[in-house]
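Participant: Listed below, chain by chain, are the residues.
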Amino acid sequence: MSMTATRRSGNDWLRDALPKIVLSPSLAIVLVFVYGFILFTFYLSFTDSRILPSYGLVGWQNYSRLFSVRAWGIAIDNLLIFGSLYIVICCVLGLALAILLDQKIRAEGFIRTIYLYPMALSFIVTGTAWKWFLDPGIGLQAVVRSWGWESFTFEWIKDSHMAIYTIVIAAVWQTSGFVMAMFLAGLRGIDNEVLKAAQIDGASNWSLYRRIVIPQLRPAFMSAFVVLAHMAIKSYDLVIALTGGGPGTATELPATFMYSYTFTRNQMGIGAASATIMLMSIAAIMVPYIWSELREKK
Amino acid sequence: MATNASANVIRTGGGARFVIYTLLALFCIYYLLPLYVMVVNSLKPLSEIQAGGMMSLPHEWTLAPWRSAWSTAQIGVAATGLKPYFLNSILMVVPAVAISTVLGALNGYVLTKWRFTGDTVVFGLLLFGCFIPFQMVLIPMARMLGLMGLAGTVPGLIFVHLVYGIGFSTLYFRNYYQQFPTELVRAAMIDGAGFFTIFRRIMLPSSGPIAVVCIIWQFTNIWNDFLFGASFSDYDSQPMTVALNNLVQSSTGVKEYNVHFAGAIMAALPTLIVYIVAGRYFVRGLMAGSVKG
Amino acid sequence: MGFLDIKKATKSYGSVRVLHETDISVEEGEFLVLVGPSGCGKSTLLNMIAGLEEVTSGDIAIKGRSMNGVRPADRNIAMVFQSYALYPNMNVAQNMAFGLEMHGIPKPERDKAVAQVADLLQIQPLLDRKPGQLSGGQRQRVAMGRALVRDPDVFLFDEPLSNLDAKLRVDMRTEIKKLHQKLGTTIVYVTHDQIEALTLSTRIAVMFGGHVQQLGTPKEIYDNPANIFVAGFMGSPSMNLFPARVAVENGNAIARIDLADGAAASLPFPPGNAMAAHDGRDIVLGIRPEAITDEDGADRNSKAIHRIETRVEVTEPAGSDTFVVANLGGKEVTGRFRADVDVRPGNTFPFAVNMEKAVAFDPKTEQRIG
Numbered sequence: 631m632s633m634t635a636t637r638r639s640g641n642d643w644l645r646d647a648l649p650k651i652v653l654s655p656s657l658a659i660v661l662v663f664v665y666g667f668i669l670f671t672f673y674l675s676f677t678d679s680r681i682l683p684s685y686g687l688v689g690w691q692n693y694s695r696l697f698s699v700r701a702w703g704i705a706i707d708n709l710l711i712f713g714s715l716y717i718v719i720c721c722v723l724g725l726a727l728a729i730l731l732d733q734k735i736r737a738e739g740f741i742r743t744i745y746l747y748p749m750a751l752s753f754i755v756t757g758t759a760w761k762w763f764l765d766p767g768i769g770l771q772a773v774v775r776s777w778g779w780e781s782f783t784f785e786w787i788k789d790s791h792m793a794i795y796t797i798v799i800a801a802v803w804q805t806s807g808f809v810m811a812m813f814l815a816g817l818r819g820i821d822n823e824v825l826k827a828a829q830i831d832g833a834s835n836w837s838l839y840r841r842i843v844i845p846q847l848r849p850a851f852m853s854a855f856v857v858l859a860h861m862a863i864k865s866y867d868l869v870i871a872l873t874g875g876g877p878g879t880a881t882e883l884p885a886t887f888m889y890s891y892t893f894t895r896n897q898m899g900i901g902a903a904s905a906t907i908m909l910m911s912i913a914a915i916m917v918p919y920i921w922s923e924l925r926e927k928k
Numbered sequence: 014m015a016t017n018a019s020a021n022v023i024r025t026g027g028g029a030r031f032v033i034y035t036l037l038a039l040f041c042i043y044y045l046l047p048l049y050v051m052v053v054n055s056l057k058p059l060s061e062i063q064a065g066g067m068m069s070l071p072h073e074w075t076l077a078p079w080r081s082a083w084s085t086a087q088i089g090v091a092a093t094g095l096k097p098y099f100l101n102s103i104l105m106v107v108p109a110v111a112i113s114t115v116l117g118a119l120n121g122y123v124l125t126k127w128r129f130t131g132d133t134v135v136f137g138l139l140l141f142g143c144f145i146p147f148q149m150v151l152i153p154m155a156r157m158l159g160l161m162g163l164a165g166t167v168p169g170l171i172f173v174h175l176v177y178g179i180g181f182s183t184l185y186f187r188n189y190y191q192q193f194p195t196e197l198v199r200a201a202m203i204d205g206a207g208f209f210t211i212f213r214r215i216m217l218p219s220s221g222p223i224a225v226v227c228i229i230w231q232f233t234n235i236w237n238d239f240l241f242g243a244s245f246s247d248y249d250s251q252p253m254t255v256a257l258n259n260l261v262q263s264s265t266g267v268k269e270y271n272v273h274f275a276g277a278i279m280a281a282l283p284t285l286i287v288y289i290v291a292g293r294y295f296v297r298g299l300m301a302g303s304v305k306g
Numbered sequence: 007m008g009f010l011d012i013k014k015a016t017k018s019y020g021s022v023r024v025l026h027e028t029d030i031s032v033e034e035g036e037f038l039v040l041v042g043p044s045g046c047g048k049s050t051l052l053n054m055i056a057g058l059e060e061v062t063s064g065d066i067a068i069k070g071r072s073m074n075g076v077r078p079a080d081r082n083i084a085m086v087f088q089s090y091a092l093y094p095n096m097n098v099a100q101n102m103a104f105g106l107e108m109h110g111i112p113k114p115e116r117d118k119a120v121a122q123v124a125d126l127l128q129i130q131p132l133l134d135r136k137p138g139q140l141s142g143g144q145r146q147r148v149a150m151g152r153a154l155v156r157d158p159d160v161f162l163f164d165e166p167l168s169n170l171d172a173k174l175r176v177d178m179r180t181e182i183k184k185l186h187q188k189l190g191t192t193i194v195y196v197t198h199d200q201i202e203a204l205t206l207s208t209r210i211a212v213m214f215g216g217h218v219q220q221l222g223t224p225k226e227i228y229d230n231p232a233n234i235f236v237a238g239f240m241g242s243p244s245m246n247l248f249p250a251r252v253a254v255e256n257g258n259a260i261a262r263i264d265l266a267d268g269a270a271a272s273l274p275f276p277p278g279n280a281m282a283a284h285d286g287r288d289i290v291l292g293i294r295p296e297a298i299t300d301e302d303g304a305d306r307n308s309k310a311i312h313r314i315e316t317r318v319e320v321t322e323p324a325g326s327d328t329f330v331v332a333n334l335g336g337k338e339v340t341g342r343f344r345a346d347v348d349v350r351p352g353n354t355f356p357f358a359v360n361m362e363k364a365v366a367f368d369p370k371t372e373q374r375i376g
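Protein chains in written order, with the numbering used here: chain A, 631 to 928; chain B, 14 to 306; chain C, 7 to 376.
Read the hints as simulated data drawn from the structure, not as lab findings. Just so you know, not all the hints are guaranteed correct.
Unchecked claim - Facing chain B, a subset of chain C residues (Cβ under 8 Å, in silico): (1) Leu58; (2) Pro94; (3) Asn95; (4) Phe104.
Unchecked claim - Some chain A residues flagged as far from chain B (calculated, every beta-carbon gap over 10 Å): (5) Asp678; (6) Gln691; (7) Gly703; (8) Pro877.
Model, not experiment: these values are computed from the prediction. Where a beta carbon is used, it is the ideal one built from N, C-alpha and C, also for glycine.
With the hints as extra help, turn the sequences into a complete structure.
Facilitator: Rendered as structure tokens:
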């Protein structure tokens with residue numbers, strides 16, 4: 631490359647730089663609007679910003695206040711409950727459905743379409759549908775009672791101890807079909823000859839799945855975990871539509887906390903601190919994943 | 014997509030198959046139930062829902078809830094129905110999808126066929142941008158939009174979606190073009206084609222499938238977005254999801270569940286139609302966004 | 007100065023040198039084959055000639071004009087790729103005309119050139135088809151057609167036959183050779199298949215580890231390999247290489263070899279052989295399978311046929327010949343017997359060794375001695 635620099639005309643220079651010129655607007659946008667903004671918010675988390683950004687540094691004060699606020703504690707507890715149930719149920723259900731669907735089922739494509747369509751919906755739509763379906767006054771409880779079971783009670787959505795589980799229900803409904811598709815793709819990637827060999831070795835269907843198939847789905851489990859964990863941490867729309875964070879603050883999640891503290895309670899410094907915590911937790915999951923993906927692909 | 018490959022060699026007996034089909038059917042009901050609830054209740058008078066008839070078919074069929082949701086329902090301060098917000102969403106989605114797809118295609122082309130030192134780093138930066146919690150950018154973006162004079166406008170939303178859509182569209186095209194034989198590009202270089210000619214004459218004609226995947230993904234994501242819509246729009250520039258939420262959450266007057274359901278279906282319809290028409294591509298996009306498919 | 011000159015060309019990626027200083031001068035009309043195992047640098051060198059990779063240092067010149075910094079399109083070269091690299095969205099005629107179109111040749115001329123080449127390669131019926139509708143052999147033909155249309159100074163072939171099945175590969179090999187003889191074009195051809203290299207080329211560069219190991223005519227490469235790598239790589243089955251020690255008796259050199267049963271055998275080199283200067287030296291003796299035969303099958307013109315009796319380990323009938331494996335100097339050695347010789351594993355059998363064809367290498371440097 632050094633040898634050739636001498637006889638370059640301007641035209642040649644443009645020709646050689648063209649790919650980078652084409653890429654540069656996107657790179658600039660991302661550097662400013664992703665990384666620049668991340669730094670800005672990170673900086674704000676150390677300032678005394680209230681309703682507007684302000685640049686007086688207050689050290690770790692926002693973080694210590696954040697972790698002393700009750701609503702943030704609730705949000706973190708809720709995230710742990712919601713996140714772990716969401717991930718576990720989606721994986722179990724997704725894997726079970728994928729295995730069932732992998733048995734040369736007639737109309738497989740049709741069934742797959744039904745299982746997956748919720749993924750195409752907005753969480754606001756999902757939230758609206760489930761909000762009224764779970765509403766004791768008109769939804770499931772009222773319907774079962776109208777069928778004659780007068781004492782039937784299902785009021786989770788109004789119960790501050792149980793409301794978080796309604797979010798799990800709706801979120802699982804929306805995403806489990808997608809997890810099913812991921813596992814199904816994994817199952818279809820397994821070499822049939824290995825299964826034949828195991829069958830010849832006398833393995834039953836049960837041990838075939840337990841010993842041969844499911845262990846080979848490790849990458850699918852990894853991907854499912856990363857996707858679900860990342861969606862759980864970012865969950866916002868569904869909570870807003872389904873419970874609005876309530877009753878009270880019973881279904882507060884970090885994302886709703888950040889929004890209300892920043893934009894309605896005018897505690898921008900604390901909001902920025904909570905956003906930073908969210909970013910850190912997502913980065914802890916995504917960075918190793920992206921890193922390994924990029925390395926493999928090289 | 015891998016799920017189209019032939020099924021496995023595992024055999025199951027007759028009894029087991031009956032159980033399997035029963036389970037699969039039950040789950041079909043589970044997934045379809047909310048859709049059923051939305052549809053039937055959007056077609057019945059409010060009184061039937063209030064009387065505990067949510068699960069039954071309408072006794073009296075009516076399109077009134079649909080009409081109300083579309084053109085007369087109270088959204089926020091005005092009784093405009095969802096119509097103007099539906100239009101806002103269309104106005105927002107089309108340019109944002111178009112521009113981010115074009116940029117993604119060019120980026121993917123550069124990152125795979127005109128590789129340079131550090132290209133993987135650039136791609137990693139773009140990719141990580143897809144996954145950040147957007148709470149992290151809300152505050153500065155609100156200020157930036159203000160500075161650009163785009164606060165509370167549809168162009169402002171277009172810009173935001175464009176910015177945060179580039180990562181995914183680049184991801185799709187990069188992964189697709191990576192499979193595209195580099196020898197074709199080299200052959201075209203020897204034939205004398207330049208950067209844009211190769212893109213237009215060699216790459217683009219083969220990019221149909223991934224363009225569909227990318228467009229569907231961006232369309233679904235941007236249409237379904239709530240956070241940016243809620244953060245950066247005014248009453249007259251709200252997208253459909255925000256308006257729907259306002260409709261459902263409004264605390265004034267009687268809760269018109271049937272209208273809410275009709276509105277929810279309206280908000281869901283564009284993405285549902287896309288899913289039904291091009292589900293294969295939708296799934297491919299989902300998978301490519303998470304695994305190596 | 008040749009038609010295509012590679013002068014001290016090197017290629018490095020970062021600190022990794024994939025091509026060490028290379029000098030090759032190709033005359034007009036020559037058919038140069040770069041052959042070697044994968045990763046030897048042959049494709050890199052070809053891409054450097056094409057301009058798809060820049061040279062790290064040194065120079066490549068075509069017709070005396072340095073190509074450093076010159077775009078591939080402006081080098082007046084054409085390339086046939088391993089995957090054929092036919093543009094999937096264009097039909098055959100458009101594929102062939104694309105390069106001319108890019109160089110601003112008007113349509114009537116393009117059509118004329120395409121028609122001519124299509125005629126030459128007998129692919130007129132395919133002109134309207136898309137690459138996806140062609141068989142492997144047809145694609146190969148079209149790829150060559152696309153190169154020919156450009157009427158370039160140098161044709162570059164990057165393993166063009168490796169995607170074809172065995173029979174078609176032999177047919178296309180003949181076809182390429184005919185085409186070269188008919189058109190007298192200058193060709194640089196990369197392959198990992200030593201038979202292709204031997205059959206097609208006027209000259210071969212055997213490459214390994216980023217070095218040109220030997221540059222020469224097919225006969226030179228085959229008969230006088232420069233080192234153990236070339237000896238082992240070129241020819242199939244490959245040259246037998248086994249340890250021996252030189253002894254000199256009456257001024258004539260003899261190779262002494264240990265046999266399987268603890269006995270030793272002596273194989274005298276032809277009189278006047280240069281090995282006489284290396285008395286007592288350990289060598290690696292190289293003898294091609296066709297120089298180890300049954301006694302009646304030995305080359306009657308050779309004056310240095312010697313007999314070794316040793317045990318036969320395995321026989322591999324291959325139709326026209328039978329390959330017979332024995333043990334010499336602790337190494338398996340393959341001989342090429344006539345098919346109808348009755349030789350059985352486990353028996354002791356006389357082998358005729360043609361020492362005129364024997365070559366010797368230094369066991370340490372692996373270079374040819376003498």
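Participant: State for each hint whether it applies.
Facilitator: We went through each hint and held it up to the structure:
| no. | hint | in the structure |
| --- | --- | --- |
| 1 | Leu58 | 5 Å, holds |
| 2 | Pro94 | 6 Å, holds |
| 3 | Asn95 | 4 Å, holds |
| 4 | Phe104 | 5 Å, holds |
| 5 | Asp678 | 14 Å, holds |
| 6 | Gln691 | 18 Å, holds |
| 7 | Gly703 | 18 Å, holds |
| 8 | Pro877 | 14 Å, holds |
Checked against the numbered hints listed earlier, the structure breaks none of them; every hint is satisfied.
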